[in-house]
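Number of protein chains: 2
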Amino acid sequence: MHVLIDYREITVQSLLMSLSGMKTPPVHVEVAHLPLGDFFLVSKDTGVLIERKSTSDFISSLRSSRLWDQLLRFMKASTLLGHPLKQKLLIVHGTFDREPPVSWPQIMGAYMEILFVYDIPLIVCEDDEALYQCLRILIKREAQGKNEVLPGSHWFRKHCSPSLPEMDLRRYVLASIPSIGDVLAENLLDHFGTIAAVAHATEKQLRRVEGVGKKKAEKIHSIFH
Amino acid sequence: MHVLIDYREITVQSLLMSLSGMKTPPVHVEVAHLPLGDFFLVSKDTGVLIERKSTSDFISSLRSSRLWDQLLRFMKASTLLGHPLKQKLLIVHGTFDREPPVSWPQIMGAYMEILFVYDIPLIVCEDDEALYQCLRILIKREAQGKNEVLPGSHWFRKHCSPSLPEMDLRRYVLASIPSIGDVLAENLLDHFGTIAAVAHATEKQLRRVEGVGKKKAEKIHSIFH
DNA sequence: GCTGTCATTGCGTGA
DNA sequence: TCACGCAATGACAGC
Ligand SMILES: [Mg+2]
Ligand SMILES: [Mg+2]
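For the protein sequence lines, the chains are A and B, in the order given. Each residue of the first sequence is one higher than the one before, starting from 1 at the first, in this note's numbering. Each residue of the second sequence is one higher than the one before, starting from 1 at the first, in this note's numbering.
Honestly, the hints are just simulated from the structure, not real lab data. Each statement offered as a hint is correct.
No copy is singled out in the list; a pair is fine if it fits within one copy or between any two copies.
Straight-line C-alpha distance at most 30 Å; calculated DSSO-like pairs for lysine-lysine:
1) Lys53 <-> Lys140
2) Lys216 <-> Lys158
3) Lys216 <-> Lys146
4) Lys53 <-> Lys23
5) Lys76 <-> Lys219
6) Lys76 <-> Lys158
7) Lys158 <-> Lys214
8) Lys44 <-> Lys158
9) Lys53 <-> Lys146
Starting from the given sequences, assemble the full structure and let the hints guide the process.
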């Protein structure tokens, strides 16, 4: 992965140079003259273009049309240095001074213009560490193709995983079935002895357990079979 | 313009009630039971749906994976209460605690997942004033039609593909066993077909499944028997 | 989401 | 041919 940093980004150059220490993927960082944007991530044949704006620059350029001209070109660009642009990102870097007091209406209006009108993704990095990690993770995710996939499944994680006595563990597993709680799990284990036995029970056998009626018996049986 | 606030958003209800003082446009605020999201802006026949997450909830739902489940439903929705959804927005509300130190890699990775994979616009509102102004400006811009996207912006928003992942209870139950995650749960079910079959398998049979070796076979077997 | 740790796997080596 | 050890891979659990 190649990372190009615009030569005018002197304030963060040394910070970002250390991206070249990355192992996965190996990163080659160099300073270049970018016709557009501030950072450019190139891998294979596609690129990710990033514009960084310090908060003070962001605020002061809100009124001028310079910001919006710049963002318009940013938005419209489809290639850079011969590489098709796969992704674009605007980074707002720093915190907003409290003195003079921030004008949230202005800032929010600008954010919405950027997000909704220009349709450019926006991330605020409040300090150098955040900026560094933002780019590091972006590079990593790009290399793994994680920014292109469709949403995946995430509901398998356990709420808690007690490395507790085995008996509690069994109850816990049974209780992960909806409509089975701690009490029913215990009753089932008392009656059948093992989860395997519960799994093999017929609906009729399940109904003999205290707390299990027609509905629960059906549900339990249908999950196991 | 009607603003519906979900009844569970008690912490910001009083703050946002004062939106009803707006003149342009006149705003009617009410608390409602929203099946999805936290705030809903309705004007004419279209709506803007907003999900608010406090930073602490953001972090904890990130750790439990609740976040992705919620965002998937958020992303999938195309109408709410009969109104087609024109726009969606995720607001992260608050600042990240320095104690314990924030993990920027985690947060940046989550931001990128939200922006690039779930394709949901994101705004961070660091305090109540920012949140209030964010909504006020959003309402104002909506009423003026200022949030319409410019022609020539990049590509279309990823939307509700019919085949985004659905919950599979059997995998969920298997994955509640420690040392079994979503991958192994799927492999086991592919191989055995049902949980009952997994429960009855011998250690030797279990080891024939990809990803199951000596240790996991022992563990699985001992839980079921 | 990310990171560190550890289990599994497949391969290369020698008996 | 088989048993074993090793390194690379990949999954899980914890944060
Ligand atoms: Mg810049
Ligand atoms: Mg919420």
